[in-house]
Amino acid sequence: MIAIETAGLCKQFKGKKMTRVDALKSLDLQIEAGEVFGFLGPNGAGKSTTIKLIMGLLKPSSGTASIMGVDSTLTDSRRQVGFLPENPAFYDYLSAEEYITFVGSQFRMDSSLLKRRTEDVLKRLDLWEARKRPMRGYSKGMVQRVGLAQTLVHDPDVYILDEPMSGLDPIGRALVKDIILDLKRRGKCVFFSTHITDDVEKVCDRVGVIVKGSLVAVDLVENIMRSGVEGYLVHLRLQDGAGRNFAGIEPLRVAGSTSEFYVSCSAFNAFMGEVNASGAEVALVETRRRDLEDFFLSLVNRP
Amino acid sequence: MLSIVTITLKGIFRDRIFQGIMVLSVLFIFIPSVASLSMRQVTELSTTLSLSLISFIMLLLAIFLGATSIWKDIERRYTFSVLSLPVSRSTYLVGRFLGIAIFMLIAALFLGSAAIVSIKIASLTYPPARPLLWSAIITSIVFDALKYIIVVAVAMTLATVSTSFFLPVFGAISTFLAGTVTQQVYDYLQTPSAQAAVSVVVRKSALVLYYLLPNLSGFDLKVHAIYAIPLNTQGLLLSAVYFLIYIGIVLSVGALLFARREMK
Numbered sequence: 000m001i002a003i004e005t006a007g008l009c010k011q012f013k014g015k016k017m018t019r020v021d022a023l024k025s026l027d028l029q030i031e032a033g034e035v036f037g038f039l040g041p042n043g044a045g046k047s048t049t050i051k052l053i054m055g056l057l058k059p060s061s062g063t064a065s066i067m068g069v070d071s072t073l074t075d076s077r078r079q080v081g082f083l084p085e086n087p088a089f090y091d092y093l094s095a096e097e098y099i100t101f102v103g104s105q106f107r108m109d110s111s112l113l114k115r116r117t118e119d120v121l122k123r124l125d126l127w128e129a130r131k132r133p134m135r136g137y138s139k140g141m142v143q144r145v146g147l148a149q150t151l152v153h154d155p156d157v158y159i160l161d162e163p164m165s166g167l168d169p170i171g172r173a174l175v176k177d178i179i180l181d182l183k184r185r186g187k188c189v190f191f192s193t194h195i196t197d198d199v200e201k202v203c204d205r206v207g208v209i210v211k212g213s214l215v216a217v218d219l220v221e222n223i224m225r226s227g228v229e230g231y232l233v234h235l236r237l238q239d240g241a242g243r244n245f246a247g248i249e250p251l252r253v254a255g256s257t258s259e260f261y262v263s264c265s266a267f268n269a270f271m272g273e274v275n276a277s278g279a280e281v282a283l284v285e286t287r288r289r290d291l292e293d294f295f296l297s298l299v300n301r302p
Numbered sequence: 000m001l002s003i004v005t006i007t008l009k010g011i012f013r014d015r016i017f018q019g020i021m022v023l024s025v026l027f028i029f030i031p032s033v034a035s036l037s038m039r040q041v042t043e044l045s046t047t048l049s050l051s052l053i054s055f056i057m058l059l060l061a062i063f064l065g066a067t068s069i070w071k072d073i074e075r076r077y078t079f080s081v082l083s084l085p086v087s088r089s090t091y092l093v094g095r096f097l098g099i100a101i102f103m104l105i106a107a108l109f110l111g112s113a114a115i116v117s118i119k120i121a122s123l124t125y126p127p128a129r130p131l132l133w134s135a136i137i138t139s140i141v142f143d144a145l146k147y148i149i150v151v152a153v154a155m156t157l158a159t160v161s162t163s164f165f166l167p168v169f170g171a172i173s174t175f176l177a178g179t180v181t182q183q184v185y186d187y188l189q190t191p192s193a194q195a196a197v198s199v200v201v202r203k204s205a206l207v208l209y210y211l212l213p214n215l216s217g218f219d220l221k222v223h224a225i226y227a228i229p230l231n232t233q234g235l236l237l238s239a240v241y242f243l244i245y246i247g248i249v250l251s252v253g254a255l256l257f258a259r260r261e262m263k
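Chains as they are written, first to last, in numbering that gives the first Met the number 0: chain A, 0 to 302; chain B, 0 to 263.
In case anyone wonders, no lab produced these hints; they're calculated from the structure.
Fair warning: there could be bad hints in the mix.
[To be verified] Restricting the straight-line Cα-Cα distance to at most 25 Å, the calculated cross-link-like pairs of lysine-lysine (BS3-like) are:
hint : chain 1 : residue 1 : chain 2 : residue 2
1    : A       : K58       : B       : K263
2    : B       : K71       : A       : K114
3    : A       : K131      : B       : K9
4    : A       : K13       : B       : K263
5    : A       : K13       : B       : K71
When you get a sec, could you build the whole thing from the sequences and use the hints?
Below, the structure written as structure tokens:
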């Protein structure tokens, strides 16, 4: 089942001097239920605009967006969603407990279930001790955690998180990654925007890259990682003839009986054939690859 | 909607500006003493001062709460969180309005009680020539609250389209000032001298404004309260119906405008 779908989604804003700014250009995207989708893009690429359109906070100039098959312009489309806005802000005169209870009540949760779930999420996000204090006294990281808690309290099927790691310390970031992986295990759909590639690499099934309002790539993270393999670093232990070459490839380094070779993907089979024939012992093979950040940068910097 | 009303009320009671405004109610203590300086009609003056003080405090509250509530939610980006819940924008707007309206009635009850104590003390010390008509005093306070609830609705509707607080604040103040005189202007324009002196364009424009702006004069019952004049039940009923219809129209317009607003 498709959890989130956009079709030809466009958004134009009025710029200065009667100009028009294309914030989003014909976005076609389908995100399946149970999928963790990372939405990568540099600042100002259109990530938050896309999310606001999906959440009905902005009206599309053209095209449509839907959540679990319900058009985003309808209030009911938000019934199965947990949404974390970018740099979230909540009624700061309320305590975390009051706010989470308020959110749960909007989803018509049964009061005993809401009480139990509120306690669970506040404890999980390490807010239990501070739950009675007004949020105006919270740090940025604590507010961000309240934001995550309010997405979890009603246990929706779809999570839309705009920069969920923003403002969090390394412990908080690890916690969020854990939460996303847990949601993935439980078959929930998570759509989150970020400009930090490491976050995507660790938790996402699929990634979309948006640059200047256009979706320039969508692929499985696994495919990107596989296609990014550039070559191998092969460590050979040679009884004699340390420093000799194989398939015309000279060693990079020689240390005692061990030689280290950089072998490109295309030369790998021929190289290993000669190694096997020579009876040399393969001590270690390391994959040399472009990581997701290189992939992302290559797309962003593409002319 | 009930939960939005509840958080609105919590927000008002926990706000320091509101607490500052309510400190003004301390002035009720001084009213009997100040009124006694007039040497005559002390009770009438106490009633005038008490009702005027209620009016002033309620006006401050109406402007402060009506004009800043929606604007502050947008400015501080609370709307991103709340409007991404399964809450329609009209429910949110009406919920916020009802929260403030309920608060205005609670404030009227609190201030009215202080005013009644103040007037009672003055009347016991300096008995009035005409016996006090408590029903008129209480009705005057209630209708004053209704008047300021209309101002709140106007301010909130202006806030749905405004990107700063200037429009809702000054728009609400202007509407309040104009609303208190529209009936007099209308009555004047019906006189033969006005028909002769005022151009047709101005008369037509004034007529449009008369129907567009709230007519707040029907909610001003201070004269009845001060001079113990019996109330006209039919007139009160008409004002109450006008209140409901005007609020309904203004909030419907506000909801339509707010639904079209982009949350950038």
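Now for the hints, and whether the structure bears them out:
1. K58/A <-> K263/B: Holds. K58/A to K263/B sits at ~10 Å (cutoff 25 Å).
2. K71/B <-> K114/A: Measuring from Cα to Cα gives roughly 29 Å; hence the hint is violated.
3. K131/A <-> K9/B: holds (14 Å)
4. K13/A <-> K263/B: Cα-Cα ~12 Å, so holds.
5. K13/A <-> K71/B: With Cα atoms ~24 Å apart, K13/A and K71/B stay inside 25 Å; holds.
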